[in-house]
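Each chain is listed here by its residues.
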Amino acid sequence: MPTAPLNQYAEGELMSLPKALQNREFRSTHAGAFSERLIVISLALCAVATVLITVGIIYMLITESAGFFRSDAVTMSGFLTDTEWTALQSKELEQATFGILPLLSGTFRVTLIAMLIALPLGLVTAIYLSEFASARIRSWLKPTLEIIAGVPTVVLGYFAILVISPSLQMVSDGAFSTFNATSAGIAVGILCLPMVCSLSEDAMRAVPRSLREGAYGLGCTPFETSVKVVVPAALSGIISAFLLAFSRAVGETMVVALAAGTLPTMTLDPTQQAQTMTGFIVEMIKSESEYGTVQYYSLYAVAVTLFLITFGMTLCGQIIRRRFQESYQ
Amino acid sequence: MSSVTPAIVSEKNSDDLSDQTLIHIEKLNAWYGDFQAIHDLSLEIPKHKVTAFIGPSGCGKSTLLKWINRMNDVVPGARAKGRLTIDDDHQGQRKEIDVLDPNLDVVGLRRKVGIVFQKPNPFPKSIYDNVAFGPRLHMKTSKSELDELVEWSLQKAAVWDEVKDRLHGPALGLSGGQQQRLCIARAIAVGPEVLLMDEPCSALDPSSTLAIEDLIFELRSQYTIVIVTHNMQQASRCSDKTAFFFEGRLIEAGNTEQVFTKPKNKQTDDYVRGKFG
Numbered sequence: 001m002p003t004a005p006l007n008q009y010a011e012g013e014l015m016s017l018p019k020a021l022q023n024r025e026f027r028s029t030h031a032g033a034f035s036e037r038l039i040v041i042s043l044a045l046c047a048v049a050t051v052l053i054t055v056g057i058i059y060m061l062i063t064e065s066a067g068f069f070r071s072d073a074v075t076m077s078g079f080l081t082d083t084e085w086t087a088l089q090s091k092e093l094e095q096a097t098f099g100i101l102p103l104l105s106g107t108f109r110v111t112l113i114a115m116l117i118a119l120p121l122g123l124v125t126a127i128y129l130s131e132f133a134s135a136r137i138r139s140w141l142k143p144t145l146e147i148i149a150g151v152p153t154v155v156l157g158y159f160a161i162l163v164i165s166p167s168l169q170m171v172s173d174g175a176f177s178t179f180n181a182t183s184a185g186i187a188v189g190i191l192c193l194p195m196v197c198s199l200s201e202d203a204m205r206a207v208p209r210s211l212r213e214g215a216y217g218l219g220c221t222p223f224e225t226s227v228k229v230v231v232p233a234a235l236s237g238i239i240s241a242f243l244l245a246f247s248r249a250v251g252e253t254m255v256v257a258l259a260a261g262t263l264p265t266m267t268l269d270p271t272q273q274a275q276t277m278t279g280f281i282v283e284m285i286k287s288e289s290e291y292g293t294v295q296y297y298s299l300y301a302v303a304v305t306l307f308l309i310t311f312g313m314t315l316c317g318q319i320i321r322r323r324f325q326e327s328y329q
Numbered sequence: 001m002s003s004v005t006p007a008i009v010s011e012k013n014s015d016d017l018s019d020q021t022l023i024h025i026e027k028l029n030a031w032y033g034d035f036q037a038i039h040d041l042s043l044e045i046p047k048h049k050v051t052a053f054i055g056p057s058g059c060g061k062s063t064l065l066k067w068i069n070r071m072n073d074v075v076p077g078a079r080a081k082g083r084l085t086i087d088d089d090h091q092g093q094r095k096e097i098d099v100l101d102p103n104l105d106v107v108g109l110r111r112k113v114g115i116v117f118q119k120p121n122p123f124p125k126s127i128y129d130n131v132a133f134g135p136r137l138h139m140k141t142s143k144s145e146l147d148e149l150v151e152w153s154l155q156k157a158a159v160w161d162e163v164k165d166r167l168h169g170p171a172l173g174l175s176g177g178q179q180q181r182l183c184i185a186r187a188i189a190v191g192p193e194v195l196l197m198d199e200p201c202s203a204l205d206p207s208s209t210l211a212i213e214d215l216i217f218e219l220r221s222q223y224t225i226v227i228v229t230h231n232m233q234q235a236s237r238c239s240d241k242t243a244f245f246f247e248g249r250l251i252e253a254g255n256t257e258q259v260f261t262k263p264k265n266k267q268t269d270d271y272v273r274g275k276f277g
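Order-wise, the sequence lines are chains A and B. Numbering-wise, this note's numbering puts 69 at position 69 of the first sequence, and it's gapless, one number per residue. Numbering-wise, this note's numbering puts 46 at position 46 of the second sequence, and it's gapless, one number per residue.
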């Protein structure tokens, strides 16, 4: 039985295709495969380059600091346990002592003060931004924080000497010296604040809404929800933010070179000078110490120590992230 | 389950004569911003029964559910007018909780009216800590009391046997169906009277769904359950009362059997037969 044609188009026309599909001028897929391979190879080369650079830096640090430890004036145990570092202060090698502890103590004094400022303030700000702030408040608070992140560190260092130090001196009746660990620490803390805040906020915003609803449904107040559910759920992200900030503070150079002073001191007193490891490296490179002397090479030993600390922090961060990261459906 | 069913059925018959209303809804209107999600809705929800809300997406059934324990408080722009009250036997004295009262103790309300969500949402903590979360928040309990409460809740939620050997393992390591039963255990651990369930099975596979439905059936001897579902078979399987919503209005409410077999309204008839929605 003849039926009406299903096709609404006239015979031979089949369907009116757009021009591009009628011409069928598709690119050769063979050439595509070749260029694809070329792209993959160049991507791999770039990746290898970063690895090579890292390996090169580590190689240089190790070989050069080996030169330092080969010197008769230095022993490994002395380096690790002596409480004096006089590489810059003593011209004669015989009088110089190379104990890393004062530099370490300087670094950790500054870092500790910085963390005391950046971690609580950063975390609280992040909680506020992620859980409580209205869109309007967020829209000006976040850019403000980003401005801090954009301030050149040299400006912050200057700020530490010209504003923070005098303020501290005024408040404490002159107990603080002009260059001191506290003002440098405060400035470094301000520097780390945006990092702690934005990374923690990202981690908290990644916590699914359903968890917050679950907490509300059980009778949590918004504050209890953030503290008992959101923060614990975002803990891995928050801890890695803390560790990154810590590494940043340990490695921070310009602020401490300007504001922390140039005297390596073995003390816990935050009102006094505190040369940090990074501060020493700057100082040594800028000094008149001759290239090739043991004093000069000591900067590599300091650099290795610094590298090991930040590397350790990065590693810890990785482990924590892997261990505590929750996968949500 | 099979051993429990007959008892429930006979109980159902005797209870039908004396439906005691627990939740009264009168002329409720609700909005999200300018959009009116619920129009002039009146409904009575009976005590110790399973009431199913059915209807196509956007019909207002979830909105209504979330007003019963004020979950909508956290939704910007959500507001409601009308009357929504829950009977409360407070030490022998009958009282009424005015749910929409802006000065209401919402924490107390949510302790009384628990909620289970569409997607299982256990906290990224251990199984034990999930169930203990609510009790730790609301009451002072000794370690042994808390242990007992956690076990009781998990048993009630029919998941105890599967998790008793790994109470301190991560809740997120459980299967979807187990997670959902854990969420039910977490909700009943604070001693609610009402359990709201917002499409509790829509993210689960068929066998987990069946387990949850069995559970809902068993729980109603002690809890008043309100369940929102898209799944008509589910509503007919596990509810006593059914309310059909369409475009923010209550179209028909009644005994589940009647709504599904002899609906009074044409729209209800079309919907339960699967003609739309």
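Do not rely on the hints blindly, as some may be mistaken.
What follows is a list of derived Cβ distance ranges for each label pair [to be verified]:
#1 A:Thr50 - B:Gly77: 33 to 41 Å
#2 A:Leu141 - B:Lys140: 50 to 58 Å
#3 A:Pro120 - B:Glu96: 39 to 47 Å
#4 B:Lys140 - A:Thr50: 31 to 39 Å
#5 A:Leu315 - B:Lys143: 32 to 40 Å
#6 B:Arg136 - A:Arg321: 52 to 60 Å
#7 A:Thr50 - B:His168: 38 to 46 Å
#8 A:Leu315 - B:His90: 54 to 62 Å
#9 A:Gly312 - B:His230: 40 to 48 Å
#10 A:Ser134 - B:Gln93: 39 to 47 Å
#11 B:Gly92 - A:Phe132: 40 to 48 Å
Beyond 12 Å from chain A on every Cβ pair, some chain B residues (computed) [unchecked claim]:
#12 Asn69
#13 Arg70
#14 Asp73
#15 Gly92
#16 Val107
#17 Lys112
#18 Asn121
#19 Asn130
#20 Arg136
#21 His138
#22 Glu151
#23 Trp152
#24 Asp198
#25 Ser207
#26 Asp214
Straight-line C-alpha distance at most 25 Å; calculated SDA-like pairs for lysine to any residue [to be verified]:
#27 B:Lys119 - A:Leu123
#28 B:Lys119 - A:Leu93
#29 B:Lys140 - A:Ile319
#30 B:Lys140 - A:Arg212
#31 B:Lys125 - A:Ile239
#32 B:Lys95 - A:Arg321
#33 B:Lys125 - A:Thr75
#34 B:Lys143 - A:Ile239
#35 A:Lys142 - A:Leu244
#36 B:Lys125 - A:Ile319
#37 B:Lys119 - A:Phe34
#38 B:Lys164 - B:Ser144
#39 B:Lys125 - A:Lys142
#40 B:Lys119 - A:Leu244
Simulated from the structure, these hints should not be mistaken for lab results. From the three backbone atoms N, C-alpha and C, an ideal C-beta is built for every residue, glycine too.
Checked hints:
| no. | hint | in the structure |
| --- | --- | --- |
| 1 | A:Thr50 - B:Gly77: 33 to 41 Å | violated (49 Å) |
| 2 | A:Leu141 - B:Lys140: 50 to 58 Å | violated (38 Å) |
| 3 | A:Pro120 - B:Glu96: 39 to 47 Å | holds (45 Å) |
| 4 | B:Lys140 - A:Thr50: 31 to 39 Å | violated (56 Å) |
| 5 | A:Leu315 - B:Lys143: 32 to 40 Å | holds (37 Å) |
| 6 | B:Arg136 - A:Arg321: 52 to 60 Å | violated (27 Å) |
| 7 | A:Thr50 - B:His168: 38 to 46 Å | holds (42 Å) |
| 8 | A:Leu315 - B:His90: 54 to 62 Å | holds (58 Å) |
| 9 | A:Gly312 - B:His230: 40 to 48 Å | violated (53 Å) |
| 10 | A:Ser134 - B:Gln93: 39 to 47 Å | holds (41 Å) |
| 11 | B:Gly92 - A:Phe132: 40 to 48 Å | holds (41 Å) |
| 12 | Asn69 | violated (7 Å) |
| 13 | Arg70 | violated (9 Å) |
| 14 | Asp73 | violated (8 Å) |
| 15 | Gly92 | holds (24 Å) |
| 16 | Val107 | violated (4 Å) |
| 17 | Lys112 | violated (9 Å) |
| 18 | Asn121 | violated (4 Å) |
| 19 | Asn130 | violated (9 Å) |
| 20 | Arg136 | violated (9 Å) |
| 21 | His138 | violated (6 Å) |
| 22 | Glu151 | holds (19 Å) |
| 23 | Trp152 | holds (17 Å) |
| 24 | Asp198 | violated (9 Å) |
| 25 | Ser207 | holds (18 Å) |
| 26 | Asp214 | holds (23 Å) |
| 27 | B:Lys119 - A:Leu123 | violated (29 Å) |
| 28 | B:Lys119 - A:Leu93 | violated (71 Å) |
| 29 | B:Lys140 - A:Ile319 | violated (36 Å) |
| 30 | B:Lys140 - A:Arg212 | holds (23 Å) |
| 31 | B:Lys125 - A:Ile239 | holds (17 Å) |
| 32 | B:Lys95 - A:Arg321 | violated (51 Å) |
| 33 | B:Lys125 - A:Thr75 | violated (49 Å) |
| 34 | B:Lys143 - A:Ile239 | violated (30 Å) |
| 35 | A:Lys142 - A:Leu244 | holds (20 Å) |
| 36 | B:Lys125 - A:Ile319 | holds (19 Å) |
| 37 | B:Lys119 - A:Phe34 | violated (46 Å) |
| 38 | B:Lys164 - B:Ser144 | holds (16 Å) |
| 39 | B:Lys125 - A:Lys142 | violated (31 Å) |
| 40 | B:Lys119 - A:Leu244 | violated (34 Å) |
Taken one by one, the earlier hints fail for this structure at numbers 1, 2, 4, 6, 9, 12, 13, 14, 16, 17, 18, 19, 20, 21, 24, 27, 28, 29, 32, 33, 34, 37, 39 and 40, listed in ascending order.
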